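Protein chains in written order, with the working numbering: chain A, 1 to 219; chain B, 220 to 438.
Derived by calculation from the structure, the hints in this document are not laboratory data.
Since we're looking at a predicted model, the values are computed, not measured.
Even glycine gets a Cβ: it sits at the ideal position worked out from N, Cα and C.
Please note that a few of the clues may not be correct.
To be verified - Sample of chain A residues facing chain B (criterion: CB under 10 Å; computed from the structure):
(1) PHE7
(2) PHE61
(3) GLN140
(4) PRO143
(5) THR190
(6) VAL204
(7) VAL205
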Amino acid sequence: MDWDWNFVWQIFPTLLEGVRITILATILGSIVAAIVGLLIALARRSENRVLARTVGFVAEFIRGTPLLVQLYFIFYVLPDIGILLPPLVAGVIGLGLHYGTYAAEVYRGGIDNVPRGQWEAAKACNLTARQTWIHVILPQAIPPMIPALANYFVAMFKETPLLSAITVLELMNQAKSVANTYYRYVEPMTLVGAFFLVISLFSVVLLRWLERRYGRVER
Amino acid sequence: MTDTFGYLNLILQGAVVTVELTLMGSVLALVVAFAAGLGRLSRFFAVRALATTYIEFFRGTSIFVQLFWVYFVLPLAGIQLTPMQAGVLGLGLNVGAYAAEVVRGAVQSIGKEQYEACTALNLGRWQSMRHVILPQALLVMLPTFGNNAIELLKATSVVSLISLADMTFQAQVVRSQTGDTMFPFATILILYFIMASAITWAIRGLERRMARGLDGVRT
């Protein structure tokens with residue numbers, strides 16, 4: 001097992017191309033997850049029992065099954081019923097749905113932490129349900145959730161290599177194709193590992209800062 | 220019709236592999252978690268540093284990258300592992316790192332007065348850990364261990380990418396042989412969900428058993 005620096009420099013541009021897609025998928029996935037999570041959290045609090053129960057069960061189901069299989073499902077089954085998605089879009093939807101169910105729990109905790117008095121005050125001021133949410137509850141509920149949400153987005157970032165299984169050309173896939181072309185595994189695989197390790201060590205620092213700025217992470 | 224039955228049989232064979240992986244991975248994770256979790260609380264700097272490095276390293280990269288590294292890079296260093304060994308090793312070490320933080324958190328959550336009582340009774344470090352601290356901390360760890368076990372179950376699907384014939388792998392086989400996508404993927408999604416529910420149910424039962432006789436002890 002020998003380490004070849006020349007080979008490292010040779011494959012570096014290809015890997016960087018993969019990094020670009022990895023970061024793009026993480027950002028888009030985080031946006032989808034943040035929105036899906038909020039929708040799930042709101043639906044679970046809905047007056048409509050059937051809606052609340054159904055959404056609750058679906059979220060539970062998504063959280064109990066592997067992301068990889070969900071990605072396969074989106075990528076292979078949906079085209080059969082006429083929905084053809086490019087790999088990256090399928091991947092972003094998969095990441096967004098999966099982590100959206102986790103984000104929903106964070107939102108739920110945050111919303112439950114808003115004191116009852118705020119709801120009563122909103123009612124006393126004759127605000128509609130919509131106004132209550134937008135102007136009173138969410139502005140107070142969201143800041144304390146930010147560290148916990150960021151935690152899940154970092155977790156999502158680390159899971160993006162799974163997208164290589166549905167042919168998205170992100171970092172892991174580029175590394176695999178490079179490795180298969182030159183038949184050298186040590187450098188590409190180690191570089192991928194090192195890249196994720198460095199980014200997540202940085203993210204620990206970022207999370208600590210967010211915690212100080214917005215409050216503590218639950219759990 | 221007999222065909223469908225045969226393919227279902229194939230998926231069930233994969234399910235057995237998934238269950239095996241989950242069980243063996245959990246055992247390894249549990250051992251590693253206690254070693255590293257208590258190691259982080261050690262008196263000796265070297266032990267603390269070693270445990271911290273292990274935990275940060277395995278939490279910093281995803282299970283996918285680690286599995287590929289174990290499977291493709293270790294053989295070049297002369298360590299040849301079967302896919303099953305690589306799978307158990309990767310899963311156990313990865314989830315063990317997360318569970319180690321749970322162990323540390325639970326041990327630290329035990330009140331100071333318990334330690335003082337141990338000192339007052341002249342118990343040694345090992346004795347107080349074994350007879351006073353751990354029995355209480357275990358109950359705190361249990362629910363999060365359940366979540367970790369579900370994460371491990373979900374992560375087993377990734378071993379299909381290093382050619383281990385688990386449930387996800389067999390679903391892909393069925394897909395490529397029949398061209399039918401809905402049947403294999405929907406089936407395994409449901410099976411994964413059943414397994415995850417079984418874990419939740421088992422942990423809840425265990426929790427109830429262990430909490431027996433502790434009413435009023437913990438607030």
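* Those earlier numbered hints the structure runs against, lowest number first -> When the structure is compared with the hints, numbers 1, 3, 4, 7 turn out to be violated.
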